[in-house]
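Student: Those protein sequence lines, which keep their order, are chains A and B. Quick note on this note's numbering: the first sequence kicks off at 5 and runs consecutively. Quick note on this note's numbering: the second sequence kicks off at 2 and runs consecutively.
Hint data in this document are derived by calculation from the structure and do not stem from the laboratory. Take every hint as true, because none was put in to throw you off.
Only pairs whose alpha carbons sit at most 27 Å apart, straight line, appear in this in silico BS3-like list of lysine-lysine: (1) B:K73 <-> A:K136; (2) A:K160 <-> B:K257; (3) B:K100 <-> A:K136; (4) B:K251 <-> A:K74; (5) A:K73 <-> B:K251; (6) A:K136 <-> B:K91; (7) A:K136 <-> B:K257; (8) A:K136 <-> B:K251.
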Amino acid sequence: MTLTGLTHPDMSWNSNEIMTIAAARSLKNGMICFVGIGIPSTAAILAKSMHAPDIFLIYESGTIDTNPKKLPLSIGDGELANNSLSVVGMPEIFNYWLQPGRVDIGFLGAAQIDKFGNINTTFIGNHYREPKVRLPGAGGATEIAGACKEVVIILKHSERAFVEKLDFITSIGHGDGPQSRHRLGLIGNGPSAVITDLGILQPDPETLELTLVQLHPGITVDQVKRNTGWKLKVAEKLTTTPNPKKIELENVRALIATSSLKPKE
Amino acid sequence: MSKNLSKFKSLKDAISEYVSDGDMIAIEGFTHLIPFAAAHEIIRQGKTNLTAVRLTPDLVYDQLIGSGCVSKVIFSFVGNPGVGSLHRFKDAYLNDWPKPLEIEEHTHAGLTNRYIAGASGLPFAILRGYSGSDLIKETKNIAFINSPFSDEQILAVAAINPDITIIHAQQADMNGNVMLWGIVGSSKEAIFAAKKVIVTVEEIVDKFQPQFNSIIIPAVLINCVVLQPNGAWPSYASGYYERDNDQYIKWDIISKDRESFQEWLQSEIFAKVSL
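Produce the entire structure from the sequences given, and follow the hints as far as they go.
Tutor: Right, dumping it as structure tokens:
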């Protein structure tokens with residue numbers, strides 16, 4: 005997990021900060037949100053410190069209505085348990101909260117993503133039994149992706165991560181297009197946005213193919229295309245992410261400063 | 002005087018009496034209350050050919066795998082939480098060092114429901130899970146079945162019944178009942194699913210004082226209680242000590258190559274004796 009990115013020339017924030025801020029802005033106050041560790045968690049805590057104080061955060065470790073003050077290193081840190089309404093076992097989290105569709109939004113990371121927002125967190129390579137790079141696997145993500153009313157995926161843009169074909173589908177997005185989720189009997193609506201360090205992609209309303217809809221300040225369409233491994237479609241009405249506010253930058257920096265991990269360059 | 006004095010054992014005796022080569026073992030505790038001391042005693046006693054079940058193998062299984070105790074691991078998230086990879090797991094799985102390692106991979110929801118089925122004495126549990134995931138092609142012990150009451154398919158996961166489950170808890174009382182609080186993960190289900198249960202505890206108290214979100218495991222479910230202060234380090238025991246995040250970060254370096262891992266094994270495991 006990288007906590008700082010390269011600073012943009014002539015700008016006073018870095019790529020991780022803008023990505024985290026954009027993700028935080030996608031959360032609405034009062035939502036029930038299922039959060040993964042890393043940048044998704046940073047973004048959710050940031051949202052809670054600003055425009056969404058009543059957001060109801062659930063972590064897979066069992067913490068309900070979680071209100072962490074600093075960044076947890078792991079999904080089960082005492083920081084999460086000690087600042088929650090209650091702590092429950094995993095059967096309640098997965099079977100009673102997630103499975104029936106009680107969660108409004110799932111916040112996930114990924115190692116690889118394809119044009120339909122399917123994600124891979126299992127391995128890179130040609131064969132499951134002989135992976136080139138073995139990744140952690142599903143954890144809670146597969147059922148989060150299936151059952152949350154919507155899913156937001158947060159990851160850095162690169163040609164290696166945004167691929168034409170996944171090496172392995174760990175968690176389903178929009179499958180191979182319209183009706184895929186319905187055929188699989190999934191109750192959630194799937195990915196509503198992919199938020200990266202360069203901009204925001206959303207599924208096309210008809211084809212469900214991820215389309216560039218928003219650029220972060222100072223980023224060009226060409227830059228995004230170069231970092232996408234499929235022929236990226238661009239929305240007719242392309243918007244620009246509003247510049248981070250001073251309070252957003254102050255809060256995200258204060259949060260990242262509480263991490264146990266030393267920032268990597 | 003305690004009714005259940007015979008239930009209290011030393012760690013050495015508990016592991017030697019209840020853990021056998023070839024067992025299916027579940028060492029649970031989700032990030033919190035991971036029974037590291039018990040796992041280290043398993044390494045010290047050279048147990049082999051274990052099938053090791055755990056949602057998150059974490060450092061504890063990386064250490065058991067690197068020591069050659071494990072021939073198969075059943076899991077749902079294999080990483081060093083917040084830090085990166087488990088190098089000993091990868092070396093065993095990809096390079097057969099020190100031994101070949103078989104894997105069976107699930108999701109958290111799936112593996113939790115395997116424990117639930119085991120705990121309930123049922124052949125399988127059902128869930129809405131794995132749909133659309135390639136895991137379906139690779140993972141044993143899961144199958145879609147038709148719902149008898151509606152027009153849909155639902156996933157069944159086979160029960161899992163470990164020969165032995167080991168957990169760590171904050172407290173035991175004099176009768177061998179156990180209380181734990183904070184994050185409990187799937188520990189309760191792993192206990193009910195198991196044929197035998199060992200619990201290591203931070204402290205033995207006269208009488209439990211209720212704590213925020215505490216759960217009690219009655220002594221009748223437990224074969225053996227071990228007093229093992231600090232037994233969850235470098236994970237944590239809420240109310241006793243915090244997670245040693247630095248140790249998790251250091252493990253990334255210690256475990257990266259075989260030599261430094263073996264040095265760690267000598268100095269931190271074999272040079273230390275369990276009472």
